[in-house]
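Protein chains: 2
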Amino acid sequence: MDQTKFPSEGPIGIGLLGCGTVGSGVVKLLLSHAEDYAHRIGRPLALRKVAVRDAARGREGLDLAHHLTTDHHAVTRDPATQIVVELMGGVDPAKRLILDAIAHGKHIVTANKEVIARHGDEIYAAAREAGVAVFIEGTVGGGIPIIMPLKASLAANRIRQIAGIINGTTNYILTMMSQHGQGLDEALLEAQRLGYAEADPTADVEAYDAAFKIAILASTFFSHRVRIEDVYREGITHLTAADIQYARELGYVIKLLGVARREEGHLQVRVHPTMVPRTHPLAHINGVMNAIAVQGDAVGEVMFSGPGAGMMPTASAVLGDVLNIAANLEAPNPLITCSHEGAGDVAPIDELETQFYIRLIAHDKPGVIGTIGQSCGQFGISILSMVQKGEQHGLAEIVLVTHRVKEKHMRAALADMADHPTIQSIASVIRVEGLK
Amino acid sequence: MDQTKFPSEGPIGIGLLGCGTVGSGVVKLLLSHAEDYAHRIGRPLALRKVAVRDAARGREGLDLAHHLTTDHHAVTRDPATQIVVELMGGVDPAKRLILDAIAHGKHIVTANKEVIARHGDEIYAAAREAGVAVFIEGTVGGGIPIIMPLKASLAANRIRQIAGIINGTTNYILTMMSQHGQGLDEALLEAQRLGYAEADPTADVEAYDAAFKIAILASTFFSHRVRIEDVYREGITHLTAADIQYARELGYVIKLLGVARREEGHLQVRVHPTMVPRTHPLAHINGVMNAIAVQGDAVGEVMFSGPGAGMMPTASAVLGDVLNIAANLEAPNPLITCSHEGAGDVAPIDELETQFYIRLIAHDKPGVIGTIGQSCGQFGISILSMVQKGEQHGLAEIVLVTHRVKEKHMRAALADMADHPTIQSIASVIRVEGLK
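Top line first, the protein sequences correspond to chains G and S.
Going by the numbering used here, the first sequence opens with residue 3, and the numbers climb by one from there.
Going by the numbering used here, the second sequence opens with residue 3, and the numbers climb by one from there.
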């Protein structure tokens with residue numbers, strides 16, 4: 003696109019779509035750090051229009067009277083705005099407005115994970131066509147720099163694996179369960195009381211949020227778009243205090259991990275509760291903190307950690323993107339801009355090869371262990387360790403950890419066990435990752 | 003500088019000064035990933051001349067016959083080279099050659115911490131004059147992205163504090179002492195056996211290496227050059243197994259930390275053994291790993307961790323810089339290029355306010371505790387906890403932790419105690435940081 007219609011000197015116009023919590027943080031930084039930013043970039047940033055649903059509502063004591071509008075096009079089509087920051091969330095009208103802004107030659111900064119995970123292909127295609135940038139640091143990991151460091155600093159690497167704790171709410175819940183022996187319901191209530199979880203916690207505890215984020219990371223670093231439908235997703239609601247306790251005894255910590263891995267000819271992209279060895283740095287990321295461990299072929303493994311959400315951390319990510327676009331308005335760094343070459347070939351979860359932790363409730367009768375051994379043996383599954391735990395009302399709890407096995411074979415073996423009269427139920431199935 | 007003498011299409015020429023371990027890694031990546039890199043940047047990178055002392059020596063099986071030269075100017079003055087990578091280490095001739103390359107319009111990438119810590123001001127001034135970039139990701143933290151993430155991703159923040167484990171050798175030694183009860187000498191020998199420590203370990207154990215690195219981080223992020231002479235430096239050689247053990251009992255881990263902090267009107271820049279609370283993520287960085295925790299006013303605290311040294315990790319950082327310069331040859335990002343505005347005002351260590359851990363050997367007589375209390379009281383030092391430990395041959399070990407106090411007052415109180423006949427010796431003085 004012809005960028006020459008924008009002056010190459012004077013203020014760079016910034017418009018906002020949405021001004022909730024993160025938006026207010028962005029405006030605060032823009033106003034309070036204006037001098038710093040102008041100095042770093044060589045030109046001032048000028049806040050232009052801020053489109054909101056209700057222009058009368060107060061915003062964190064910010065005086066936005068001259069900026070607020072309910073007309074979104076006053077942002078997306080403002081001739082003096084070069085960078086449009088979208089913070090509305092959700093798909094509609096965010097997607098439509100992003101595309102409208104792109105069509106009017108605006109660069110885009112967004113923290114909207116859903117619109118990027120679902121419609122990133124269309125948005126990036128439009129941006130490429132228009133010659134504008136779409137920056138998305140705020141979509142994953144809150145304030146933690148991850149998108150740009152991987153694209154720019156680790157540009158010399160082929161990225162092999164990204165594994166991260168990318169949802170603070172569930173990490174808080176799992177930390178409380180693990181460190182304070184709380185049950186899931188109790189920990190969730192506490193998270194809601196502290197404002198870490200929504201009244202309807204589904205998006206977090208069922209891992210929809212984390213699925214969007216791992217889809218974005220995979221799409222961004224494996225240069226193939228990963229469709230959100232191809233991401234295997236499993237939440238934390240089935241985890242029990244017993245599993246947390248057994249994990250500890252076995253030397254693991256249970257974390258909700260997003261994992262994207264590039265293997266021969268296909269990708270793995272998934273989010274599910276995972277037993278992480280206590281020796282891995284991810285095991286020590288607690289509370290609402292997020293962390294993302296990245297494996298590159300040259301660098302080995304590096305990890306980025308910090309606050310995964312919140313007004314000012316996310317505003318830091320969003321404005322970091324704004325500043326980087328502003329600093330390179332005329333010649334964006336091709337390493338940082340996004341390119342996807344068609345949809346990636348994501349392997350079905352059936353094909354995943356991993357270790358499994360299984361907890362069974364069995365009738366305490368001779369032959370139970372034999373039954374389990376037989377079911378596993380039939381599908382070529384080799385057992386690393388098996389412990390029979392206590393006995394109550396004639397029922398015993400049996401915990402086993404397998405060697406690496408294909409998910410489909412594990413499922414077949416479990417179905418076989420479940421059919422057997424000595425097995426009362428399969429209480430838990432949790433994947434175990436060495437993360438090597 | 004007029005960059006138009008370089009073609010804006012076709013290969014980008016890369017020259018190397020030095021081809022030891024890291025240099026061989028850089029060449030390996032350049033050759034094996036050539037196609038990837040050309041794709042990402044839109045132009046191929048072409049390896050040009052590689053200047054070495056001994057062109058006959060083999061280099062990790064690389065066929066460099068057509069590239070090797072003993073003439074450094076064949077690199078710094080080669081008309082087809084746009085980016086010169088300096089990996090010689092030390093000040094001379096590295097500084098002279100970097101300046102020569104700059105004078106010939108080359109961009110510079112270096113992993114040489116000493117030349118940047120000592121002569122960064124002169125090198126950056128020359129580069130600014132010539133309109134070329136000097137990128138230094140490889141000087142600190144090996145493969146861990148730190149320079150660019152702070153400059154670009156965290157550009158919206160005012161950086162308040164950088165605290166890091168930035169020397170892998172000493173972290174390995176301290177980890178062995180802490181986790182396996184080894185003494186310093188034993189741990190050092192083991193580190194040497196594994197190739198983590200040099201035959202002469204002075205640069206690491208006396209913290210010269212870490213001092214260079216924290217000076218570079220402070221200079222880079224506080225926009226004032228920090229002179230290496232202004233960095234307070236204290237190594238790990240005086241640490242004992244007893245201190246490590248007491249630290250654990252008190253809930254701390256001893257780490258060699260580089261700390262740079264911006265306070266009202268001045269900077270603090272220092273490296274010394276530090277008791278870090280076990281709840282802080284830095285406490286869990288073990289072995290040769292490095293980690294850098296950064297506090298920004300918007301983001302709060304984020305941490306970057308990974309391999310702090312090694313052939314391929316450092317090559318990853320160096321080539322990351324090369325790729326970023328190559329990607330923006332015509333219009334470098336002003337956020338990423340370096341600017342220092344005069345030397346920073348670094349406060350002397352006397353003015354540092356911190357907590358202290360003190361271990362004293364005293365004659366086990368009544369009145370000892372009173373003496374300590376009096377010495378502290380005289381200088382307004384308030385004691386957080388004091389424990390008398392065991393007794394042998396009429397001597398008792400007394401461990402105390404103070405509230406926050408100015409270093410000069412602590413020193414005065416210690417001098418006062420040391421004069422008292424009931425105090426046999428002051429065995430250890432270690433600063434304690436809450437890192438808040």
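What the hints contain is simulated information worked out from the structure, not anything from laboratory work.
Possibly wrong hints are sitting among the right ones.
Said to hold, decoys possible - Where chain S lies over chain G, by a calculated footprint (3+ residues, C-beta under 8 Å):
#1 40-50
#2 134-147
#3 152-160
#4 306-312
#5 321-329
What the hints assert, rightly or not - Heads up, incomplete: computed chain G residues facing chain S, CB under 7 Å, no partners named:
#6 363
#7 396
#8 398
Beta carbons are placed, not taken as given, at the ideal position from N, Cα and C, and that holds for glycine.
Hint check:
1. 40-50: holds (count 3)
2. 134-147: With 4 residues closer than 8 Å to chain S, the segment 134-147 of chain G meets the three-residue bar; holds.
3. 152-160: It holds, with 7 qualifying residues against the three required.
4. 306-312: holds (count 5)
5. 321-329: Answer holds; 6 residues pass the 8 Å Cβ test.
6. 363: This hint is violated: residue 363/G lies away from chain S, its Cβ roughly 36 Å from the closest one there, beyond 7 Å.
7. 396: Since chain S brings no Cβ nearer than about 44 Å to residue 396/G, farther than 7 Å, the hint is violated.
8. 398: 37 Å, violated
Consistency note: the structure conflicts with the earlier hints numbered 6, 7 and 8.
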